[in-house]
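**Q** Please build the complete structure, drawing on both the sequences and the hints.
Going down the list, the protein sequences come from chains U and D. Residue numbering for the first sequence follows the numbering used here, beginning at 1 and increasing consecutively. Residue numbering for the second sequence follows the numbering used here, beginning at 1001 and increasing consecutively.
None of these hints come from the bench; they were simulated from the model. Treat each hint with caution, since some may be false.
Unchecked claim - Take a look, some chain D residues computed to stay more than 12 angstroms from chain U by CB distance:
1) K1069
2) N1109
3) A1154
4) E1357
5) I1442
What the hints assert, rightly or not - List time: in silico BS3-like cross-link candidates among lysine-lysine, alpha-carbon distance up to 27 angstroms:
6) U/K46 x D/K1370
7) U/K55 x D/K1069
8) U/K55 x D/K1268
9) D/K1313 x U/K46
10) U/K46 x D/K1214
This structure is a prediction, so every number in the text was calculated from the model and none was measured. Beta carbons: idealized from backbone N, C-alpha and C, even for Gly.
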Amino acid sequence: MRVHDVNFFVKLAGALALTIAAWIFTDWRYGLPLTLITLLALWLAKVPGLRGYLKGASLLVLLVVASWVLNLLIQGETPRDALAIATGMALRLVTTTAAFFFVMETSTPGAILAAATAARLPPSVTLVLSLTFGIIPMLRDDFERIADAQRARGMEIDDVGFFTRLRFALARGVPLLVQGVRMAHSISLSLSISGYDMRRRRTTWRNVGLMVEPRLPLVKGFSND
Amino acid sequence: MLDINNVTVGFGGTPVLAEVSLLAREGRWMLVCGAAGSGKSTLMMTAAGVIPRLITAAPFSGAVSLSGKPLSGLSNDDLFTRVGIVMQNVEDQMWDLGVEDLIAMALENRGRPKAEIRERLETIIRQFRIERLAGRRVLSLSGGERRMVAIAAALAAEPEVLVLDEPTTGLDPEARQRLVSILSGLRGKVPMLLVSEQDPASVAEIADEVALLKKGGLTPPVPLPSVFEQAVPWLEAGILPPTRRASPQPSTTEAGGEVLAVRGLKTKLRRPDGTPVLSDASLTIRGGETVALVGRNGAGKTTLFQSILGLAKIEAGSISIGGDYADDWTPARRARSIAYLPQNMRRILFNMTVREEVMFAITAGKPEGKGDGPKADEALARYGLTDLAEANPFALSARQQAVLGLACAEAAGSLVAILDEPLLARDLNGRRLLEQFRDRAIAEGRAILLITHDLELADDIASRALLLDEGAIAYEGPTRALWTSGAYGKLGWPGPRAIVEGEGNYARP
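**A** Now the structure itself:
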């Protein structure tokens, strides 16, 4: 059993519960173990892209702690209290983003479509859910693909300083936008020619329960019809 | 019957098809051939109702009807239940779904019972012999694998009309034979089949009639056997005739110094069974050579060039470029010596104008030098792109983008150009541009690595060939000796079509 194959709604409920817990227990002494356990769970589940997420989360922690400490000091808090409050805030954000990062990275659009279909949600809600959670990893992959295209065309984006790298990353915005439009067009075309109809309930080939079947078990003999 | 009546279709005010008529009757499967850029894709999408229903065209006039009913009068659901289409660029109709999801999509969307869908899924996966792809995400598949899955998906709902736009593109010879055999088995089940191809021979077994597209117009359909062995009709349509004539021996210019060497390459990327995609790949390419790389779909050809460029991580092995040890070079530094041209050039274009793309190929993002502008203009002129210099590269047709790729690679003067399944290979004008590119590369001591499933193309233009199989280079030697080698025999593929002796090369019109 792979944790990736757990039903999307179960994962979503788990992420929500974790978020609520993080925002109820605001003290950093509760927040720290909760964040560490969440990150450990992500590592154990071998969530793809975890290293990249951790880099982003580290930046988030630094920015939040710095800006909150400065703000609280200006408001007259003691440095110790300011640091405690800022750290608690940063931990809450990391726990929340990590929980939803897990949901997003381990739920394929196909698995979300299946879970939503089995839950008999209206086709419009089904589509919105699978695109909302599915499109971000797709755009991230495209962002990386564009970076690879720049490298493959000879643009030096690795062996340069932080600010140059940042400038090149921002320059990927335009092709990413173009790619985003193309992707939306492909999805729309794919749905239209496969008969996706907002007024008709769809079915799914997958067995869906607590887990969502990841692949079709091929059982019968060879058929050539 | 599918009746395309006096249809004119264009984009941005420029007609691509002019007053085209075509009648596809039940039981008579139709092939449409034409050069790249002749309007085949536009015709296929119009026949399937995608144009103007989902893609707006201007101008658009004329009518398309199915069994007497205009397509414009059918609901989306009715239209796409009755007509299935696989586009030339299959990525245009795919997104990040699983293989089973994509194949089952049309059935799921129509609310068919789960048991029926699973039964149909299993049947079609076995029929297409794509069991090993089950459970994978379509965007992680190789180009040929994606195409097979897209065709399987189009067939899953058993349409009345199946429209396939260049279905054999990117398929290895075995997959091509398998596809033709599957389609042959559908006679009686799919009443109407409309296929477009640049290479008529690849689908000759299943096509009853052929119509040729040239300059936006369509010739009346004729039985395929009646023109198959003639040269003139195909040449007039701007494509290479299906019956091969002797072509000049691939250049035997004495190879120069080593420009690319790969030793014992083992990738970190692994197959679902845990084996590395490349386990021990070694090859050498010398200046002035054109080397063909062939291998099964999914053999690791893409991973090989990605590893050479440093875009895929390697576990062991070494790479040298231009005689220098390049293992610690960044991908960008490698790419300044190795130009990569994928079949779908959109993947590597990111500048705002055609001229900027060529300039970027020369400068690699650094400030423009004094002679760079004229050099870019010269490359654009040589490939007939001067009038498009200020156009957005994404607004070009796939064919124009492929030509732009050649212009970029030539302007960059890279030591090695990797051409991945070039779209231009089968039409006369494209072949001329490709040969021009090769000849200049050879003259300047540069090399070309041609990744292709088109055995005739490899046989015609590559002096040496590499065969990638089971994670290693299983053959490295003269191209014409490849076809009789043991490594090639193991693939079970037919060789390139035999050359008709004594008739010389084709005259270019």
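**Q** Each of the hints needs a verdict: does it hold here or not?
**A** Hints and how they fare:
1. K1069: Non-interface label on D/K1069 holds, nearest chain U Cβ at 18 angstroms vs cutoff 12 angstroms.
2. N1109: 4 angstroms, violated
3. A1154: 8 angstroms, violated
4. E1357: 9 angstroms, violated
5. I1442: The claim stands: D/I1442 keeps its Cβ more than 12 angstroms from every Cβ of chain U (closest is about 23 angstroms).
6. U/K46 x D/K1370: 51 angstroms, violated
7. U/K55 x D/K1069: 59 angstroms, violated
8. U/K55 x D/K1268: 22 angstroms, holds
9. D/K1313 x U/K46: 19 angstroms, holds
10. U/K46 x D/K1214: Violated, at roughly 54 angstroms.
Comparing the model with each numbered hint stated earlier shows that hints 2, 3, 4, 6, 7, 10 do not hold.
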